[in-house]
Amino acid sequence: MAITKTDFMRGMQCRKMLWLDRHKPGLRVIPPEVQVRLDAGNDFGDRAMAMFGPYEEMTVYRPGTRIPDKQAMLARTQDALLRGVPVICEAAFSNYNNYCAVDLLRKTETGHDLYEVKNAPAVYEQFIRDAAFQYYIIRRTGLRIDRIFIVTHGPDEENPFVSNDVTKQAREYYDWINDNIWDLNRMTKEREEPDVPCGEQCSKPYECWYYGYCHGLVREPEQLTIEDWN
Numbered sequence: 003m004a005i006t007k008t009d010f011m012r013g014m015q016c017r018k019m020l021w022l023d024r025h026k027p028g029l030r031v032i033p034p035e036v037q038v039r040l041d042a043g044n045d046f047g048d049r050a051m052a053m054f055g056p057y058e059e060m061t062v063y064r065p066g067t068r069i070p071d072k073q074a075m076l077a078r079t080q081d082a083l084l085r086g087v088p089v090i091c092e093a094a095f096s097n098y099n100n101y102c103a104v105d106l107l108r109k110t111e112t113g114h115d116l117y118e119v120k121n122a123p124a125v126y127e128q129f130i131r132d133a134a135f136q137y138y139i140i141r142r143t144g145l146r147i148d149r150i151f152i153v154t155h156g157p158d159e160e161n162p163f164v165s166n167d168v169t170k171q172a173r174e175y176y177d178w179i180n181d182n183i184w185d186l187n188r189m190t191k192e193r194e195e196p197d198v199p200c201g202e203q204c205s206k207p208y209e210c211w212y213y214g215y216c217h218g219l220v221r222e223p224e225q226l227t228i229e230d231w232n
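This note's numbering numbers the first residue of the sequence shown as 3 and each following residue consecutively.
For the record, the hints were derived by calculation from the structure and aren't laboratory data.
A couple of the hints might just be wrong.
Computed cross-link-like contacts, BS3-like style, restricted to lysine-lysine with a CA-CA straight-line distance of at most 25 Å [as the list claims (entries may be wrong)]:
1. Lys26 with Lys72
2. Lys26 with Lys191
3. Lys191 with Lys72
4. Lys109 with Lys72
5. Lys109 with Lys170
6. Lys26 with Lys170
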């Protein structure tokens, strides 16, 4: 695949972050507290799958792994769309190898509504960009998207989910995404590591997993000597 939703969001936070993801992923360090938040987000997303009742999930893993089989998910999604499945979870779409998987895709009378689920109490701008990337990919496949929602925490367990309509804001990002997605594609194929000074992007909107590397707190394993280990 070329650029995924995660690639795009990370690349727009910092080009170097995305380049390191592709070329030096072994340098990443995910703090335990961040992993806890990621796991909690996955749990919240799993619960939200049933917010509209019965659904079909498109997730397929490569044999013996927890790595999504994107090609299998794309094929499974097309079959579900042809069958008119009312609610599809993790629906996969690709355009020129750029890829996304939608948390919930709900059939309407004229097309589908898109729901991006976030383990958060409110809608933040990065969430809208996240949903906008999905809208961009799906629109280019020809599937009609009527409305776009961000699902956040509800007030209590009896009302655990709130659907926030961000259709207008998300659609306004279409040209911005188109202007940047191809540039990120080219950048990931460059052999030289981008020269990006450390700055606000190291921690906003999310702390970078390469923070230690870029700030000189850790070195690449191949740079270590025998003395370093003693």
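Verification of the hints:
no.: 1; hint: Lys26 with Lys72; verdict: holds, 22 Å
no.: 2; hint: Lys26 with Lys191; verdict: holds, 13 Å
no.: 3; hint: Lys191 with Lys72; verdict: holds, 21 Å
no.: 4; hint: Lys109 with Lys72; verdict: holds, 22 Å
no.: 5; hint: Lys109 with Lys170; verdict: holds, 19 Å
no.: 6; hint: Lys26 with Lys170; verdict: violated, 37 Å
Of the numbered hints listed earlier, the single one contradicted by the structure is hint 6.
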